[in-house]
Amino acid sequence: MFGYYLDLAVRSFRRNRVLTALMVLALGLGIGASITTLTVLKLLSGDPLPQKSARLFTPELDPLPAQGYVPGESKPPWGNMLSYTDAMNLLRARKAERQAVLALTQAKIAPLRVGEHPFYSDGVTTTADFFAMFDAPFQYGSGWSEQDGEDRARVVVIADFLNDKLFGGRNSVGQTIRINDHDYRIVGVLKPWAPQPRFYAVNLGGRSYGNGDAVFLPLQSARADRMDPQNVNCWSTGFDINHLETAPCAIVSLWVELANASDATAYKTYLSNYVQQQISLGRFHRPNTWLPDLTGFLAQQQVVPDDARLQTNLAFGFLLICVVNTVGLLLAKCLRRSREIGVRRALGATRGAVFAQFMVESGMVGIAGGVLGLIFAELGLWAVRHQPAQYASLAHLDVSMFVATFVIALIASLIAGLLPAWRACVVAPAPQLKSV
Amino acid sequence: MDIKPILAALRKHKIPAALIVLEIALACAVLCNAVFMIGQRIAKIHLPNAIDQAGLVDINVQGTDPKLAHADIPRDIAALREIPGVTGVAAVNMVPLGNSSWNSNFALGPGALFQKNSPNVATYYLSSGGPEALGMRLIEGRLFNSDEYADSSLGDSYIPSGHSVIVTESLAERMWPDKNALGQRIWLGDSNSYTVVGVVANVLRPNQNGGGLSQFYWAAFFPVSPSAALGDYMVRTAPQDRERVMRAAVAKLGALSPNAVVKGRTFSDIRDKYFADTRSMVWMLVLVCVVMLAVTAFGIVGLTSFWVGQRRRQIGIRRAVGATRSHIMQYFQTENFLLSSAGVAVGMILAFGINLYLMQHYQLDRMPWYYLPASAIALWLLGQLAVLGPALRAANVPPVVATRGV
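As given, the protein sequences belong to chains A and B, one line each in that order.
The numbers in our numbering rise by one with no breaks, and the one at position 344 of the first sequence is 344.
Each position in the second sequence, counted from 1, maps to that position plus 1000 in our numbering.
List time: in silico DSBU-like cross-link candidates among lysine-lysine, alpha-carbon distance up to 35 angstroms:
id	chain 1	residue 1	chain 2	residue 2
1	B	1273	A	165
2	B	1252	A	108
3	B	1263	A	165
4	B	1263	A	108
5	B	1044	A	75
Don't read these hints as lab results, they were simulated from the structure.
Only chain B is shown next, with the shape it has when bound in the complex:
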C-alpha cells in the first residue's frame, strides 16, 4: 500500500496526529517500566528456597525462663516428636522469611568486626536434627554430627563455641569465588573461627536486611546445644497434615509451659506474609497497566472516529471512483500503524530514560532490552485493535455520500 497519500493527509492534521503519537509514546514508556517492575516483583515472590517449604510448621515459644532453656528444649522436642505424622523437629533461633533475624559479619581472617569486605551473613543456629527438620539440600560435604551439636554451646555472648559451619552456595561463591569452600575457615572477630563442613542449596534469610536480592541467600548454619536463644521449633510433617500437627503442637507446648505465649504458623503462611506487600504492589501495577491501556485505546478510538466523521465525503469519493471496502480499511489501519510506529519509537527512548531515572533514585536494576520491543508490539496490537471499529465504520460509508451535499 502506498503510504504517500496517508502522510499527506496526516500533514493536514498535525495536531491530532501528534496527540496520538504522544499518547502512544507515554503509554509505551510507562508500560515498559511497569511491566519490568511487575516482572521483578514476581521473580522475588517466587525466589527459590531450598528447604521443605510445603511440610514445615513453625512453633514460636516466648516468655519462658531463659535459665531453664537447656532442660525445656529437649523436653519440648520429645513432646513434639510424639505427635503422629511428625517426621522431624529441631529448635532454631530464627526462621527463613520470619523477619526477625540474627546477623554477623564474617571475614576470611581474624580481625575486628565490620572489616571491609566482610559480608553481612544471616546466622542460623540449629539444635540437633536441624538440617533434617528444615529439609535442607546438601550439595557437597556433610551435615553436622552429634558431637558437633553437643560440643557447641552459645554461652553468654550468643556466639557458638563450636568450630563447624554449613554455608549456602551463594555465600560460598561470595567468600571463595575461585576455590572449593569445603575446609575453608570464616572468622567472627579475632577469636572465633569456623570450618566449612558442608555446602547446601540456597536458603533464604529471615529478611533482606537492607541488602540487594543477591545477598538474600547469604546464610550460614551453626550446630548448637539447647540455649535460650532458640525460640522457634521447626516441625516437619506431610503437607496435608500441617494444620493438624500445628494445632496439636501449640496445645502440647502450651500445656507444658503455661506461662509462655505459644504461636504456630505454617511455613507457607510465613512466606505469604513476607511477600504480601510485594504481591499487592504487583496487583496495583497490573491494574494501572490495564486501565492505562484502556484509556489509550479509547483515546485512539475517539480521535480516529472524529477523523472518519470528518472525511466521510472523501471516503465516499474514493469509494465512488473504485476503492473497495478493504482499501478504506487498510488506509486507516496503515495510518494507525504509522502513528503507532512513531509513538513506540519515541516511547522506547522515553522508557529507557525513565528506567535510568528510576535506577538512580530507587533500588531498581537496568531494564533488559527485550522489554522495549515487547511493549512496542503490545502497543501496535492495541492500536490496530482500537482502530478496527472506526475503520469498519469508514469502510461502510456508501459511495453515494460523494454525490450528496456538494
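Chain A with its partners taken away, still in its complex shape:
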C-alpha cells in the first residue's frame, strides 16, 4: 500500500509542479535557516569537556571592603578572578584532586630565522596540573612539574600549530624559543587542542571561542619575567603595578577538579573556612563564596552571545511561517482533488487509507524539503564561516545535525499535512461523484 501511495504522491506532484516546488522551496528555506542557526548555537553552547565538566569547579571570592556590602546581593564584577595571593593559598592547600591557577598573556615570540619579525601569540600562564586536569593531549613530551613552577624554571609547552610554524612539526622537545626576550626550553608539544567555549579564558581578558592557545608557561616563571595578565581588576589604589602578586588586584583564576558532589560540599566548606580565616586576619570583609561547576559557570557568565540565540529564535519563527504556508498549499492541493478522493472512497478506500495517502504525500514533501534544507544549511554555514565572528571557522554540519535536519523536516511536514489529510478524508464521496 505504501508503494502505491508513493506512486500517487509522485503523480500528484507532477500534476502541480509549481505548487509542489513552492512548498518544497518554502520548507527547505525554513529548515535551512533553522539548521544553520541551530548548528551555530550548538557549537557555542556546547560542553567544552563533556567527559569531566561535572567535576570541574572554579571558586569565586569577594575581596571588596565592607562598605557597600549587601548580603546575598553583592558580587564582585570580575566573576571568578582572584588575587594572586588567594589563588596561590588555595592552590598550595591542595584540597582538591587537581588544581591550577591561570592567567592569559600575550607572548612575544622571537623568530628562529634571521630576517623574520617577532610576533605575538596567545599564551596561558598556569600551574602544573593544568594539562592533566583539562585533558590536554600531548604529542611529544609532557607538562612541567610543580617544582619547576616553584623554581621559576623557564620551560614551555607549545601548541601543535606553533610547533608546525617554528619547527615544521618535528619533535621539538628540548629546543629553546625566545619568549618576551627570555629563553624558554620546550618540554612538551600538544596535539590540536581547543575546547569550545574556551572556558578557562572567560573573564581573563581573552576571546571565548576560536583557536587554542599557542604557548603554556609556568605562572611563577612568567610573573618573574614580567609577562602581565591580560585582565587586571584592582579594588584599591596605591599599589605597585610591578608587584601584582601582592597588589589588591584580581589577576588570575583557579580551577579545581573534585571527585564527586560530596567533595564539592567539602571544598565549599573549606572555602568558607578560608574566607573566615582571612576575615579574622583583616584581609577580607565579606563572607561570600561561590563554587560553580563548569557548565554552571558558563551559564552564569552568559558566554553564548545574545545574537546567536536571537538568530535561532528568529529562524524557528521563520520555520513556523513556512510550515503554515505549507499547510495552506497542501490544503489547496488536496481540496482540488476532491473528485479523485470521492472516486477512491466510492471504490472502497477507507477514510484511514485516504488519510494515510495524504500523510505519505506530505512526508515526501518533507523529505524533499529536508534535502533542500540541507543544501541551504550548508550554504548558510558556508556564509557563517566567512563571517568575522570568533567561532566562524568552527561552523560545520555534524552527523547529529544532519539527522536533525531530516527529523525536523519530517515532523514539520507531517504536522503541516495533518489538517489537509483530515480535510481530505472527511470528503463525502457522493456529491463529488455526482458532478463528474
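Given chain A, put chain B in place with the hints provided.
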C-alpha cells in the same frame, strides 16, 4: 463595495481563510521585531564619535622595554612628526573602539572603589597634544596646558598623579545632571581626585564593557607624561594620506625598535572591525525578512489561485449577469484586504508580545509604537501585490464559463 457577500463566501472557506490570516499575523509579528532589531543595530553601527575618524591612524607598539618608555616615547613622537602630511601625534593608552580598555569607577567624593552610584568610566591617558591629535571637540572649558602634562605621571600604580580631567558630555550629564561640570571633582578611591577643566563632545569607549548603549560614552581623559602604559600612537593626517602615513610610520618605528612588534591600522578599519559582527547580524536579519516576505507572498498567491480555480463557475455567472472585470478584480482585492487586516491586527498584538518576551530575555529595548503600523502597511501592500496575479486571472474568466458543464 459591499463586503457582505465576501464575508459570506469566507465563512464557507474558514480553514483557508484562517490560514492566510495566521500566515500574515506571523509574518507581521516577526517583521516588526526583525525590523526593530535591524534599526537598533544600524543606529549602533552609526553611533557618532566626536574625533577625527577619517584622518586618524593608530600605530601600536608592543614588546619594548617598559623601563625605557620615558625616553622612547618622545623619540618616537618626534620621528612620527617628521613624516610629511602628519598634523598631530600623541601617545595614548587605548583607542576608541580598539577593544582593549582601561576603566575605573569614579565617585563624587572620597571613599572605597566600587561604591554604589560610582559609574564605570573608560580612562584615556593622553600624552601632550593628545586632544589635538585625536581631533576632540571642546564644548566648554579648556584643553590641558603643557604643565598639566609634565606634572602628571602614571607612576607604578598607573594612576595619574595630576589633578585635571576632561570628561565627555554624557559623563558630565551622568555625574552632575543639574550642575555645570566645570570645576567639579571626581574621586578615584580616597586619595586621588581630579578637577574637570573641560567638557568635550561624546567620544566612544574602547568597548561597551558590559554596559548599555548609554554608557558607551562614559569616558574621561587624563594628561600624562610618557609612560610604559601608553602603547599606541594616534597619528593624524589628511584622509587621503592615511595609507601612506601608516606605512611610513610602521617602517620608521620598526626601525627604531627592532625588537618590538609594530602594527598600524587606520581608525576606519578599527571601527569597521568593531562593528563587523553587528553588521553581519544586520545582513542576516535583512535576508530573513526578505525571504520570509517572499514565502508569505507565495503562500497567498497559492491559496488565492486555488480559490479562483474553485470559483471559476461563480465568477462566470457573475460576469454573465453583468459584473465587469474590475468588479471581479475588486472582489478579490477587497477579500485580501479584509484577510490582511485581520492578520495584521492579530500580528500587531503578537509582535508586541514577542517584544516583551525579548526584552525580558535579551538586552533589547521597548519597540517604539510606529513599528507596528509600519509593518501593517507593508503587509497590506504585500497582500495586494500577491493577490494581483490571481485576481487578474479571475477577471479574465469569460462569462461563457457559466453556461458550460452545468
